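Novice: Chains as they are written, first to last, in full-length UniProt numbering: chain A, 1 to 507; chain B, 1 to 335.
Hints listed in this document are in silico derivations from the structure and should not be mistaken for laboratory results. Errors might be hidden in some of the hints.
As the list claims (entries may be wrong) - Residues from chain A that face chain B, not an exhaustive set, calculated with beta carbons under 10 Å: (1) Phe223; (2) Phe304; (3) Asp394; (4) Ile463.
Note that the structure is a prediction, hence the values are computed from the model and not measured. By construction, the Cβ of each residue, glycine as well, lies at the ideal position given by its N, Cα and C atoms.
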Amino acid sequence: MTEPLTPVVSMDAITKIFPGVKALDAVHLKLYAGQVTALVGENGAGKSTTVKVLTGIYRPDEGTVRIDGTPVTFTDPNAASDNGITAIHQETVLFDELSVAENIFIGHAPRTRFGLIDRHAMYEAAARLLRSIGANFDPRTRLRHLGIANKHLVAIARALSVDARVVIMDEPTAALSHKEIEELYELIENLKSQGKAILFISHKFDEIFRIADRYTVFRDGAFIDEGLIDDIDRDGLVKLMVGRAVDHIFPTREMTATEDVLQVVGYAHPTEFADIGFTLKRGEILGFYGLVGAGRSEFMQSLFGITKPSKGVCKIKGKIRVIRSPADAISNGIVYVPEDRGKQGAVIGLPIFQNITLPSLGRTSRSGFLRMVEEFALAREYAERLDLRAASLDQDVGQLSGGNQQKVVIAKWLATQPQVIILDEPTKGIDIGSKAAVHEFMAELAAQGLSVIMVSSEIPEVIGMSDRVIIMRDGRIVAEVAGDEMQPDVLVRHAAGIGEMSQLEDA
Amino acid sequence: MTDGSTPPRFIPDRLRTRKTRILHSWEILLLAVAIAIFVINSLASPYFLNAWNLSDATFNFTEKAMIAFAMALLIISGEIDLSVAAIIALASTAMGFAAQYGAGTPELVAIGLVVGLLCGVFNAIFVTILGLPSIVVTIGTMSLFRGISYIVLGDEAFRGYPASFAWFGQGYLFWVFTVELALFAVIAVIYGVLLHKTNFGRAIYAIGNNPTAALFSGIRVQRVKFILFLLTGLMSGVAAICLTSRLGSTRPSIAQGMELEVVTMVVLGGVSILGGSGSIPGVVIAAFVMGLVTFGLGLLNVPGIVMSIFIGLLLIGVIALPRLWTMAAAKRGRT
Chain A
1 MTEPLTPVVS
11 MDAITKIFPG
21 VKALDAVHLK
31 LYAGQVTALV
41 GENGAGKSTT
51 VKVLTGIYRP
61 DEGTVRIDGT
71 PVTFTDPNAA
81 SDNGITAIHQ
91 ETVLFDELSV
101 AENIFIGHAP
111 RTRFGLIDRH
121 AMYEAAARLL
131 RSIGANFDPR
141 TRLRHLGIAN
151 KHLVAIARAL
161 SVDARVVIMD
171 EPTAALSHKE
181 IEELYELIEN
191 LKSQGKAILF
201 ISHKFDEIFR
211 IADRYTVFRD
221 GAFIDEGLID
231 DIDRDGLVKL
241 MVGRAVDHIF
251 PTREMTATED
261 VLQVVGYAHP
271 TEFADIGFTL
281 KRGEILGFYG
291 LVGAGRSEFM
301 QSLFGITKPS
311 KGVCKIKGKI
321 RVIRSPADAI
331 SNGIVYVPED
341 RGKQGAVIGL
351 PIFQNITLPS
361 LGRTSRSGFL
371 RMVEEFALAR
381 EYAERLDLRA
391 ASLDQDVGQL
401 SGGNQQKVVI
411 AKWLATQPQV
421 IILDEPTKGI
431 DIGSKAAVHE
441 FMAELAAQGL
451 SVIMVSSEIP
461 EVIGMSDRVI
471 IMRDGRIVAE
481 VAGDEMQPDV
491 LVRHAAGIGE
501 MSQLEDA
Chain B
1 MTDGSTPPRF
11 IPDRLRTRKT
21 RILHSWEILL
31 LAVAIAIFVI
41 NSLASPYFLN
51 AWNLSDATFN
61 FTEKAMIAFA
71 MALLIISGEI
81 DLSVAAIIAL
91 ASTAMGFAAQ
101 YGAGTPELVA
111 IGLVVGLLCG
121 VFNAIFVTIL
131 GLPSIVVTIG
141 TMSLFRGISY
151 IVLGDEAFRG
161 YPASFAWFGQ
171 GYLFWVFTVE
181 LALFAVIAVI
191 YGVLLHKTNF
201 GRAIYAIGNN
211 PTAALFSGIR
221 VQRVKFILFL
231 LTGLMSGVAA
241 ICLTSRLGST
251 RPSIAQGMEL
261 EVVTMVVLGG
271 VSILGGSGSI
281 PGVVIAAFVM
291 GLVTFGLGLL
301 NVPGIVMSIF
311 IGLLLIGVIA
321 LPRLWTMAAA
331 KRGRT
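The task is simple: from the sequences and hints, build the whole structure.
Specialist: Encoded structure:
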């Protein structure tokens with residue numbers, strides 16, 4: 001690998017200030033042709049802001065962006081793409097009702113002499129692009145007929161269609177399966193060999209060490225370090241990222257209470273799950289493991305009153321309770337922290353304190369009338385408990401970083417003083433430092449007597465945190481393991497349905 | 001999620017004081033517009049600064065504003081009701097029909113309110129129980145409700161309301177203050193308290209900003225929306241009583257096109273048409289602004305068609321101003 005002299009793109013001393021927060025504080029970032037640079041940092045480190053500055057969505061308050069050493073100013077996203085910078089976002093923005101080719105070329109489709117879209121040329125160019133990235137579907141296909149992985153390929157083809165020199169990939173593997181991730185790696189290698197400069201943002205260290213050539217670390221909006229991946233190891237990178245060494249040891253807990261809090265018997269749904277039954281003890285962390293589509297979230301949402309079960313009984317502290325709506329669930333002490341925090345969790349547009357008090361208004365108000373003093377007091381209590389970083393409590397929750405939004409969502413639920421908290425993929429998409437904090441916090445909650453149900457697809461997390469693990473497959477509970485039985489291979493076998501078969505073979 | 005090392009950070013309740021918040025609000029801008037129009041009007045016409053004339057001018061907005069308050073809540077929650085003027089027609093027709101058979105004032109009032117309420121329930125069933133988009137449902141009921149009026153009345157008109165019924169639209173409480181103006185003030189206060197001081201009002205904002213998250217937070221989204229449609233129907237009934245009483249007759253074309261004037265008033269008042277934000281004081285000031293403009297232009301003998309041009313320009317102008325302001329600020333280097 002030869003060391004190029006000038007980076008294709010460099011950000012020099014870029015500062016971006018939002019009301020009350022310095023999102024970026026004089027940061028540096030260099031991207032080189034034919035190399036993958038990993039941008040590493042915790043949630044709120046300024047990674048997303050960096051992407052938005054590079055793609056012209058935000059304008060920096062100070063500092064210069066240079067392309068091939070020449071300072072440039074992007075007045076809008078088009079200016080960035082004209083300069084060959086293109087981004088594949090966390091949640092790719094595509095159009096379900098358009099064809100693959102139209103999605104790829106939207107905004108810059110080839111034209112005929114009359115200024116109309118040259119469909120023939122467009123389909124041909126799209127087919128060529130798709131072939132070059134190893135996608136084997138027809139560019140005439142409607143996008144909505146494609147699976148998530150193929151949609152991702154369309155997004156990549158779209159990024160390449162503008163003749164990009166710089167490709168930004170923001171958490172590209174978040175929604176992909178193992179096999180699809182391998183294909184993405186091949187694609188990245190392919191792009192590298194074409195001399196493209198790639199900015200790769202990921203929370204997953206194995207990916208970073210697998211694919212990246214260089215790293216740049218940000219922490220709290222500040223530049224920390226950069227270098228070659230070959231010169232650093234995993235622990236070194238973690239240390240740079242969080243500013244301290246993070247041990248991967250899960251908090252040790254001791255569960256003593258034996259009182260049953262929640263008892264579920266025979267919960268069923270016409271299509272999603274059947275015959276779900278278990279008991280949850282006070283102060284217990286109960287893990288729910290299974291493959292995607294095993295019906296875990298669907299069951300949890302039904303327990304929370306979003307969807308109605310076709311049959312089943314739910315007992316809380318021995319008394320039968322009928323839960324028809326989230327309001328019922330909350331008043332019975334059951335709360336649900338959804339996986340999709342942006343859509344189902346925070347109410348963007350409302351201030352932080354109103355988000356926190358939303359399900360607890362019955363307590364902060366008097367006969368239906370709001371009491372602001374009580375609201376601020378409650379919001380403050382939980383904001384401090386969760387170490388929220390915000391300019392003020394009446395700030396719009398939408399101005400917070402993802403990690404802090406999540407804290408607001410959790411604060412909202414804790415403020416209802418629940419007995420059972422259901423956490424759906426609580427650490428999905430968050431960085432390693434925050435992950436440890438979430439785990440510690442869960443342990444703390446359980447120690448205070450709160451019963452926790454944790455739906456998680458991450459085996460180390462399930463094993464490390466749970467007292468017991470229930471494994472679901474195809475909408476049914478297939479196994480329950482505890483103690484020393486909680487082993488990765490046991491979980492995977494049950495979840496995939498190979499447990500029974502191998503037992504037969506053993507016998 | 002404590003780090004263990006750092007103590008919790010102090011977060012202030014609010015960064016801006018009450019005074020700065022009010023000074024930066026939409027309502028203040030709107031109030032300035034209202035005052036400017038008032039001054040211009042009084043310079044342009046010698047008849048403007050006359051207590052009786054001003055009192056008459058309030059009829060330009062009181063009936064619309066009564067509906068606008070309920071509509072504001074509905075729009076903040078992310079829904080809309082375009083059938084309000086048609087509800088007035090239907091309620092007025094029902095009252096006129098009853099009056100033919102000798103119904104007294106209390107019965108007429110009850111009929112107006114009940115018809116309004118039932119129309120609201122009808123809309124609410126389609127939107128909240130069947131889950132249909134409110135804009136489509138209420139465009140449909142707009143034709144439906146008024147269509148019934150046309151069938152009942154044809155080219156005819158109902159007259160012959162009892163004399164005491166005139167009190168609502170023509171009566172004075174004391175000096176120049178009309179019954180309608182008092183009703184307007186009372187309703188404004190009720191809706192202001194409902195939206196800004198109660199849990200119900202908070203739920204409306206939450207639903208308007210993110211209905212899914214509101215549902216997940218234990219808010220009974222459909223129930224809240226049901227009540228809002230019901231209230232809008234009820235307020236249309238109240239407006240129907242006032243308007244019928246003031247005109248003294250019912251034609252099927254009564255209040256034709258009023259729904260758009262109501263929506264204009266709501267949007268002018270700073271309510272986001274996309275839902276999620278807005279305030280009752282804003283709608284109150286917007287009501288005065290619209291009333292003053294129509295009255296001022298009326299004094300200058302400007303025909304109605306030109307008047308609607310002014311209202312249109314006013315709406316676009318007032319909406320565009322803050323956006324132009326932020327764009328200019330962005331041009332100067334800060335976004």
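Novice: Against this structure, judge whether each hint is valid.
Specialist: Each hint tested on the structure:
1. With a least beta-carbon distance of about 21 Å to chain B, the hint placing Phe223 (chain A) at the interface is violated under the 10 Å criterion.
2. Because the beta carbon of Phe304 (chain A) sits about 8 Å from the nearest beta carbon in chain B, less than 10 Å, this interface hint is met.
3. Annotation: interface hint on Asp394 (chain A) holds; nearest CB of chain B at approximately 5 Å, less than 10 Å.
4. Annotation: Ile463 (chain A) was flagged as interfacial toward chain B, and the flag is violated, the nearest CB pair being 21 Å apart, outside 10 Å.
Consistency with the previously given hints fails for numbers 1 and 4, ordered from lowest to highest.
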